[in-house]
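Under this note's numbering, the letters of the sequence shown match residues 1 to 338, in that order.
FYI, nobody ran anything at the bench for these hints, they're computed from the structure.
This structure is a prediction, so every number in the text was calculated from the model and none was measured.
By construction, the Cβ of each residue, glycine as well, lies at the ideal position given by its N, Cα and C atoms.
Among the clues, some could well be false.
Computed Cβ-Cβ distance ranges for the label pairs, DEER-style [unchecked claim]:
| id | residue 1 | residue 2 | range |
| --- | --- | --- | --- |
| 1 | Asp44 | Arg284 | 40 to 50 angstroms |
| 2 | Arg155 | Ser230 | 54 to 64 angstroms |
| 3 | Tyr61 | Pro106 | 30 to 40 angstroms |
| 4 | Val319 | Glu154 | 57 to 67 angstroms |
| 5 | Pro106 | Val319 | 43 to 53 angstroms |
| 6 | Gly336 | Arg155 | 43 to 53 angstroms |
| 7 | Pro273 | Gln164 | 38 to 48 angstroms |
| 8 | Ala180 | Asp44 | 25 to 35 angstroms |
| 9 | Glu46 | Lys208 | 44 to 54 angstroms |
Calculated cross-link-like contacts (lysine-lysine; reagent style DSSO-like; alpha-carbon spacing at most 27 angstroms) [unchecked claim]:
| id | residue 1 | residue 2 |
| --- | --- | --- |
| 10 | Lys235 | Lys208 |
| 11 | Lys208 | Lys312 |
| 12 | Lys335 | Lys235 |
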Amino acid sequence: MPLNICASGKGAAHTLNARVINRATLSRAYRAQDGHVIGGDVLDAEGCVQTDLRRGGSFSYQDPVAETSEAHFCEGIYGGHYHHHFGHFLIETLTSIAAIRRLYGPVKAPIFLHDFNCRVLASKLMPPHAQMLIEGFGFARDQVHIVRSPVSVERLHVFDRPYQLARHHLHVDLGAEFRAARDRILGIKRFLPRRRLPPIYLSRSRLKRRPQGRPGANVLGEEMLEAALSARGFKIVHPEALSIAEQMALYARAPALVGLSGSALHQALWCEPGMPTVNIVTQRINSSAYRAVAEGVGGTYHEVPFEVALQKQSTGPSVLDVAAICQAIDAMQAKGLF
Numbered sequence: 001m002p003l004n005i006c007a008s009g010k011g012a013a014h015t016l017n018a019r020v021i022n023r024a025t026l027s028r029a030y031r032a033q034d035g036h037v038i039g040g041d042v043l044d045a046e047g048c049v050q051t052d053l054r055r056g057g058s059f060s061y062q063d064p065v066a067e068t069s070e071a072h073f074c075e076g077i078y079g080g081h082y083h084h085h086f087g088h089f090l091i092e093t094l095t096s097i098a099a100i101r102r103l104y105g106p107v108k109a110p111i112f113l114h115d116f117n118c119r120v121l122a123s124k125l126m127p128p129h130a131q132m133l134i135e136g137f138g139f140a141r142d143q144v145h146i147v148r149s150p151v152s153v154e155r156l157h158v159f160d161r162p163y164q165l166a167r168h169h170l171h172v173d174l175g176a177e178f179r180a181a182r183d184r185i186l187g188i189k190r191f192l193p194r195r196r197l198p199p200i201y202l203s204r205s206r207l208k209r210r211p212q213g214r215p216g217a218n219v220l221g222e223e224m225l226e227a228a229l230s231a232r233g234f235k236i237v238h239p240e241a242l243s244i245a246e247q248m249a250l251y252a253r254a255p256a257l258v259g260l261s262g263s264a265l266h267q268a269l270w271c272e273p274g275m276p277t278v279n280i281v282t283q284r285i286n287s288s289a290y291r292a293v294a295e296g297v298g299g300t301y302h303e304v305p306f307e308v309a310l311q312k313q314s315t316g317p318s319v320l321d322v323a324a325i326c327q328a329i330d331a332m333q334a335k336g337l338f
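Produce the entire structure from the sequences given, and follow the hints as far as they go.
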């Protein structure tokens with residue numbers, strides 16, 4: 001039956017459809033025709049694939065091969081996919097964990113996640129930061145099972161994925177769950193008023209450079225942008241130099257998160273309601289995922305458009321237009337966004 005979930009701050013009721021599949025099977029992860037490892041399927045008692053539980057996107061799915069299950073459980077919850085890429089872990093894996101907390105509370109039942117990884121089958125266990133974040137939602141690390149081989153479950157609880165990859169849409173407000181998890185991890189209940197802290201710029205300038213044309217490719221001129229924003233009172237943060245907990249503590253107090261397009265902007269999941277996220281768009285790709293994250297936890301989303309953020313040139317590496325970016329950010333501050 002559908003379970004209504006109130007989207008706080010929007011005054012609207014959204015629905016995550018939940019149901020139980022009796023005598024379900026979780027298949028082994030398989031490689032699709034395009035070379036991606038999909039992460040496996042959920043089948044009912046008749047062996048029918050539950051296509052609505054597949055991850056969205058333009059992947060070439062195939063019918064799983066029937067195999068004997070290597071483990072059996074009486075009951076459990078299917079949470080979708082476990083992603084090793086940190087950005088996808090935040091917006092796909094962890095939003096599903098948050099939805100489980102919202103739908104079922106602090107249950108002790110097993111939680112199943114199909115192992116998802118592009119082009120290679122991962123063999124490593126969850127890293128410590130992933131274990132810590134899942135535990136922050138009240139689930140024990142031995143409660144979460146990463147599915148790599150066939151598993152059968154007598155009563156499998158399934159639900160709509162809260163983050164829809166194909167639409168880049170987070171269709172329920174999970175802000176309360178993320179903030180509660182943050183507070184459990186940090187062990188604190190209250191934070192300093194946001195007005196007493198500077199806005200944060202999330203820097204990519206110390207990351208390993210990636211080739212132009214690839215997602216997340218570095219652009220030139222970020223050091224100059226950092227200097228200009230620092231002169232305007234911004235705090236320059238290099239996320240890779242901080243622990244997850246240290247980042248949470250900063251973001252919880254921030255009046256705004258500003259950064260170039262990239263996974264660091266997904267950390268808006270931990271922020272307070274109403275906090276603006278400013279995406280300086282540096283790639284000609286769909287940036288709706290950043291809006292989905294910011295607005296999906298009760299924040300606001302703003303962009304410095306691609307046409308403004310980069311200098312106009314036909315060849316060579318991308319170069320930030322620092323003056324134009326600062327002008328756009330100054331205009332946002334003049335409007336009282338942060």
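Hint-by-hint comparison with the structure:
| no. | hint | verdict |
| --- | --- | --- |
| 1 | Asp44 - Arg284: 40 to 50 angstroms | holds (41 angstroms) |
| 2 | Arg155 - Ser230: 54 to 64 angstroms | holds (56 angstroms) |
| 3 | Tyr61 - Pro106: 30 to 40 angstroms | holds (34 angstroms) |
| 4 | Val319 - Glu154: 57 to 67 angstroms | holds (59 angstroms) |
| 5 | Pro106 - Val319: 43 to 53 angstroms | holds (50 angstroms) |
| 6 | Gly336 - Arg155: 43 to 53 angstroms | holds (52 angstroms) |
| 7 | Pro273 - Gln164: 38 to 48 angstroms | violated (22 angstroms) |
| 8 | Ala180 - Asp44: 25 to 35 angstroms | holds (34 angstroms) |
| 9 | Glu46 - Lys208: 44 to 54 angstroms | holds (49 angstroms) |
| 10 | Lys235 - Lys208 | holds (22 angstroms) |
| 11 | Lys208 - Lys312 | holds (25 angstroms) |
| 12 | Lys335 - Lys235 | holds (20 angstroms) |
Hint violations for this structure: number 7 only, all remaining hints satisfied.
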